[in-house]
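Colleague: Here is how the chains run, residue by residue.
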Amino acid sequence: MNDHATTPPRWLQAALLAPGLAALLITFVLPVAWLARVSLLPQAVSLLPQAGPSVPATGLSAGAYARVLGDPFYWWIIGRTLGIGVVTACLAVPMAFPIALFLARSTSAWRGVLVVLAIAPLMTSTVIRTYGWMVILGRHGIINSLLLQTGLLAMPIRLDNGLFATVVALVEILMPYAVISILSTLGRVNVELEQAAALLGARLPQIVLRIILPLALPGLLTAALLVFVLAISSLVTPQLMGGGRVFVLATEIFNATTVTLDWPFAGALSVVLLILFGLVISLYQRVLARMEAQA
Amino acid sequence: MRGRASALSRRGALAGLGAAPFVRARAATMPTLTVCGFHGPFQKAFQAAVIAPFLRLHPGVAVVYRPIMNSAQLLALLRLERAAPRIDVAIADISISILATAEQLLAPLSDGEVPNRAAIPDWGRGRNFNGLAFSRDNLALVYDSRVIPAAPESWMDLGRPALVDQVCMPVEDTRGVALLPVLTRMAGGDYRASIDPGLALMRRFAPNVASWNAQPDLYTLLLAQTAALGVGWNGRGQMIGRANPGTIRAVIPREGSVAQINTINLAAGSAHAALGATFIDHALSVETQAAFARMAFYGPTNAQVVLPESLSDGIFGGPAVAAREMHLDWTFISAHYGNWIRRIQREVISA
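So the protein lines, in turn, are chains A and B. Its first residue numbered 1, the first sequence is counted upward by one per residue in UniProt numbering. Its first residue numbered 1, the second sequence is counted upward by one per residue in UniProt numbering.
Simulated from the structure, these hints should not be mistaken for lab results. Please read these numbers as outputs of a predicted model, since none were measured by experiment. Treat the hints with care, as some may be off.
Here are some, though not all, of the chain A residues that point toward chain B, as calculated from beta-carbon distances under 10 Å [stated by the list, open to error]: (1) Trp76; (2) Met155; (3) Asp160; (4) Ser233; (5) Thr258.
If you want the footprint, here are the derived chain B segments under chain A, 3+ residues with CB under 8 Å [to be verified]: (6) 63-75; (7) 166-178.
Don't be surprised by glycine CBs; every beta carbon is placed ideally from N, CA and C.
Please model the complete structure; the sequences and the hints are all you need to start from.
Modeller: So, in structure tokens, the structure goes:
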């Protein structure tokens with residue numbers, strides 16, 4: 001009886017779901033289907049004028065996938081993309097955790113302001129923030145200038161234009177997402193458990209390691225997933241901070257789309273990236289389900 | 001006085017607001033030509049030297065300039081808008097013009113529609129592209145004269161030991177594809193046979209390279225003193241140098257350089273085809289070509305244009321540059337474009 005009273009009728013459920021599903025269909029499913037179709041086109045969009053008019057060809061071909069999967073260079077790029085995502089997540093989450101913990105447990109009247117400050121960088125464009133890192137890490141940047149002035153260096157060293165600069169910028173740029181994610185989890189952790197532990201003589205490191213961390217683990221995993229996914233799909237930061245040396249899937253998709261005009265290849269790389277997302281998300285869900293089962 | 005100025009501006013603003021609907025209505029009834037071309041300094045020069053005089057000659061017409069990052073983006077737009085083109089006139093690299101013509105995205109132009117077509121040499125109205133050559137530019141060494149007071153003379157200066165980590169080589173695009181034949185010839189080879197010698201020479205410059213990136217562009221890196229020397233375009237380098245005196249300069253190395261041709265094209269299916277052809281004719285006229293060359297340092301394509309010696313010395317078509325010109329087979333290069341870029345990525349940048 002109660003169930004009937006609380007569960008809305010099916011038609012209402014469907015009506016409520018319809019706008020969201022329609023939006024998802026238009027903004028996600030259809031573009032992805034189009035992308036998949038492009039990835040299966042023969043390489044008609046080629047730069048081979050002598051091969052005849054390159055009007056869009058008909059038929060389907062797995063040629064673009066064969067080129068991606070049959071070339072060690074692209075396996076290397078896939079590995080590097082995943083590596084950058086893992087390193088960025090592994091650095092951003094531990095750095096975001098103390099900030100989120102401080103904000104979650106702060107009783108200061110300024111807490112609201114501090115939370116806004118922690119996530120304020122998200123209000124600035126990624127491009128601007130990446131340019132900021134170029135100023136800091138550049139040949140005549142703040143760090144090189146300081147090291148030269150203090151006599152620790154005789155000549156500027158290259159801190160920008162490479163993998164190091166890319167990871168540093170990505171960690172800083174994506175950290176606010178981790179802070180938000182962890183903060184929301186910590187808000188649900190019962191503070192009385194920490195107080196009880198403290199009353200029983202536990203010190204702060206023990207409370208953090210044995211009570212807060214285990215309870216916040218799902219949130220930490222979500223934060224890591226968020227940072228990882230954003231890092232492996234990031235284009236602007238590897239493009240600007242990598243100095244053309246950091247090849248990742250996003251930069252290759254960009255090049256294939258705008259420089260070599262190889263759209264089937266760009267489509268195939270995009271689908272590979274989507275599959276990576278899918279694999280990581282399913283792995284995350286399995287880990288989360290196991291944790292919940294153990295709890 | 002200040003109060004009066006404010007009152008005047010308030011009155012002006014009110015009058016402007018009152019007139020706005022009528023201005024908008026007039027603009028809506030006016031034929032509007034959409035011209036798609038490169039962004040940045042090119043756009044600035046094109047608007048001043050080509051569009052502004054055209055509007056003075058045709059007061060009943062509006063021209064909208066739609067900036068693009070590069071020719072590939074233009075091709076993408078033409079493909080997407082194939083059924084209902086919103087671009088009337090398109091400016092593109094010759095390689096993209098060839099491709100867009102093959103895809104039937106560009107309309108042919110006749111001498112009747114564009115009388116100035118007759119003044120364009122054969123190379124500028126090729127059989128395999130429907131557009132017409134509008135401007136020419138050269139690949140050049142672009143440098144910061146604050147760091148390198150004496151102009152570099154050779155492409156080999158890219159490997160100068162004093163310039164470790166101060167060179168910018170954005171070679172993952174047309175610049176790399178254009179530089180390879182030059183380097184291949186310097187190493188005693190022929191790019192049609194093999195680009196291996198050119199790639200080997202490019203690899204020798206790698207230790208000096210701070211950035212292989214096209215973004216942020218070479219000119220920004222030079223102005224910010226993040227790089228001191230790089231591979232860029234002569235016209236753009238000179239134009240930015242003029243806007244920032246005592247900083248950027250461009251030079252054609254003694255081993256020679258190659259030309260990049262920009263074409264002006266009428267989009268197939270344009271709703272303003274006749275007006276578009278008139279605009280293209282205007283862009284190719286002697287006066288417009290000379291004005292654009294003076295403003296943007298791009299070489300004119302109209303054979304009747306005579307430029308002052310001071311200007312022609314530094315741009316394509318001038319005697320000094322012509323003597324160092326290396327002619328490229330762009331159809332051959334277009335066919336190998338993607339493969340060459342991939343080889344640069346693997347055998348030079350990642351090596």
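Colleague: Each hint should be assessed against the structure and marked as holding or not.
Modeller: Hint check results:
| no. | hint | result |
| --- | --- | --- |
| 1 | Trp76 | holds (8 Å) |
| 2 | Met155 | holds (9 Å) |
| 3 | Asp160 | holds (8 Å) |
| 4 | Ser233 | violated (18 Å) |
| 5 | Thr258 | holds (5 Å) |
| 6 | 63-75 | holds (count 5) |
| 7 | 166-178 | holds (count 4) |
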